[in-house]
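J.: The lines below spell out each chain.
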Amino acid sequence: MALRDAPWRAASALCRHTRPAISTLPPSCRRNAASQAAAEVESTSSFAAPPPSPEVAKGFDPVARSRASNKKLPPSRYQYRSPKYYRGPLHPHQPPPKSDPASREFQPGPFSLPRLEQTYQSTIASDLLTLTYTHFPPGYRAPVKDKRLREWTGDSPYYKGRPLRGPRGGSNLRLLTQPATFRNIPEITRVTVHSMVPEAQDNSGVLHVAGMIIQAITNVRVVSHKARHNVVGWGLREGKMVAVTAHVVREDAFHFLAKLVDVVLPRIKEWKGVPGTSGDNSGNITFGLTPDVVGLFPEIEANYDMYPPKMIPGCHITIHTSATNDRDARLLLQSIGFPFYGKLVN
Amino acid sequence: MNMNAGQRTTRRLAAKAAPSICRSCRDSISRNTYATAAAAAQTEDQNTSSIQHIPPVHAASSATSYAVNAGVVLSRPPLITRDLHPFESAFFLYQRRLNERLALPFTRYFYFKKKTPADIEWKRKIKQRLTPARDIGRYKGYGDEAWNDELLVGAQESEIQHQVERLLEDAEHPVIGGSGEEGTEVEANAEGSTKAATVVPEGSAKKLVDDVIERPMPRVTEADLKNDVKSLNRMLQRTLYLLVKDQEGRWIFPQGRLIKKESLHMAAERVLVQSGGINMNTWVVGNVPVGHYEYNFRPELLKSSPNPNEVGFKTFFMKARILAGQANLAENKFGLMDFKWLAKEEVEKEVQKSYWHSVKNMLAER
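Chains A and B supply the protein sequences, listed in that same order.
If you're matching positions, the first sequence starts at 1 in UniProt numbering and goes up one per residue.
If you're matching positions, the second sequence starts at 1 in UniProt numbering and goes up one per residue.
Any given hint could be a false lead.
Unchecked claim - When the alpha-carbon atoms are kept at most 27 Å apart in a straight line, the in silico BS3-like pairs for lysine-lysine are as follows:
(1) B:Lys140 x A:Lys72
(2) A:Lys272 x A:Lys226
(3) A:Lys58 x A:Lys72
(4) B:Lys125 x A:Lys259
(5) B:Lys140 x A:Lys71
To be verified - So the derived list for chain B, only partly shown, Cβ under 10 Å to chain A, looks like this:
(6) Arg238
(7) Arg270
(8) Gln274
(9) Val290
Hints in this document: simulated from the structure, not taken from any laboratory.
Here a beta-carbon is modelled for each residue, glycine too, at the ideal position from N, C-alpha and C.
Next up, chain A with everything else stripped away, as it sits in the complex (with noise of 0.2 Å):
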């Protein structure tokens, strides 16, 4: 240690010496990609600005003023119609981008900020990583792995050209997990619920009230889909309808993970848990729940006389995160909440 610290300090002791005690440019001089910047940035806040005062805010009325007023605005001013169909960037009459609350596509949102999400930047982020950190000491040097997918080696001259053959033992090739950092800690990226109803094929009410309570425990609109083979031995029919999804992101998915999390699967009697053998070994995890844990959803459980009987249909969730194993991802769900029983298979 002293060997190796013995250089460094004698080049530290000679700096000392030869830097000045007080540097003479003053801290303005120094040329920062930031301190350009700043130069650029307003000086002044549209918040420095003073809000109305009490008085004229209260004696504001819009409607009274509108009233007294003889001169009506004409509805142009007011109403707008942004066009239906994007006419190509040389159109005269452009649609409104969809942010704007004129777009044809707007969606409003968000509504809040979720418990969960909260819950995971505040607490269950930093913990995640301490648990999944491994320590390289300085002057680590990563071991070098063959490459995955394998050349082509012969004779033959159609060789050359050829893409790269895959690894052995399979065709597909895993995700590669990357050494934990605060960057790249294992989140949900979104979550989707699947409900299959076969039986829809012969009364399509089943798949109405199918894609009614996925919509109502998700709050997103489901998309349906057909079936698309012949499948004899699951009676499936090429064409029909037979499913619907709803594909959950952001606030939508932390709010059906706290409702799944805090009450519906407490309330199911004698649930052991989440297969631990279930994920993709990309980090996706699915479980399923029957048609009667599915009417334990407050918002089927509040109306449950709306739906028609024996037509509440079961469904698949599979939970997405960004982690790359399953291993990670299993961890993430329990610490949100989720159980997982049996063998847990990475």
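Given the coordinates of chain A, assemble chain B onto it according to the supplied hints.
T.: Just chain B now, with coordinates in the frame of chain A:
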């Protein structure tokens, strides 16, 4: 190993001459000598890339050393959601009202069968609040004055407390006679709840008795008002950290020296029990430390100390969470005098400046 002879010799020499040097240092020494040969700069890269990592090993008997302590950053995570910034709450309310404006009208016929109690209840409620949403105030999207759909400055609908009250009221009180105007609604509701018992049909009146909605607990607790820093019920929105006062009167995180071959995790669990007592249900998170603090003894103290080779100590902090219980210093083994549960900015005021600098980055902002 495809290293050349010169490097191998240096290695062997270093290994023979100074057996006390640790392996990682020896590795770096030999690399340094090798690197001085500028001509071989290229080959050095190729060689070292094939060298596998040698984990650092502590010197067996070095001239100077540091004592190793295990520290514990015991924290209570936030228990409730944070207060929204005024801009955030204004934005959320704006978006909710916008949603009301853009959503299709509520289809009562789909959700409620005719003449069922749920249908009657819905009709009564919508008649009172005139808007399907419960907490955004009156929203009128139709008619001649539909343009007047923005809340004015200082409207009470924009206050969180008001919104919470509306939600609770809707859940429990069957109210009659709430007028459309917001200003008079509160008074009207207050009267309405007294009237309710007489005017409401039987079904709803029974419901009034049965469904007494529990009010949410206050977000500011008694401990907050008293500023009781020993209570865990203080500052529910923030992370609280356990700080103890040691024999010299300094505020630090609980710490203790590693015993023999103990790991940091085990040491942290031991330190917690030995300082805070057994009445704490704790979880030490992971096996790696989240930060460290280095302290060098003063030279004059060093001369008089029994072990002059030990120039200071290094504390490695393990992260821990308290799940239940409370600290009790009555039987602590480190001579601790006092404890406090403090948020990050309060920790800064208590601890020494050098300590704060090495500790601040492992404390959560919230």
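J.: Taking the hints in turn, state whether each one holds.
T.: Against the structure, the hints come out as follows:
1. B:Lys140 x A:Lys72: Roughly 21 Å between the alpha carbons, so the hint for Lys140 of chain B and Lys72 of chain A holds.
2. A:Lys272 x A:Lys226: Roughly 33 Å between the alpha carbons, so the hint for Lys272 of chain A and Lys226 of chain A is violated.
3. A:Lys58 x A:Lys72: 24 Å, holds
4. B:Lys125 x A:Lys259: 25 Å, holds
5. B:Lys140 x A:Lys71: Since the Cα atoms of Lys140 of chain B and Lys71 of chain A sit roughly 23 Å apart, the hinted pair holds (cutoff 27 Å).
6. Arg238: Holds: closest Cβ of chain A sits about 9 Å from Arg238 of chain B, inside 10 Å.
7. Arg270: Not OK, violated: Arg270 of chain B not within 10 Å of chain A, min 19 Å.
8. Gln274: 22 Å, violated
9. Val290: Constraint on Val290 of chain B satisfied, holds at 6 Å.
Checked against the numbered hints above, the structure violates hints 2, 7 and 8; every other hint is satisfied.
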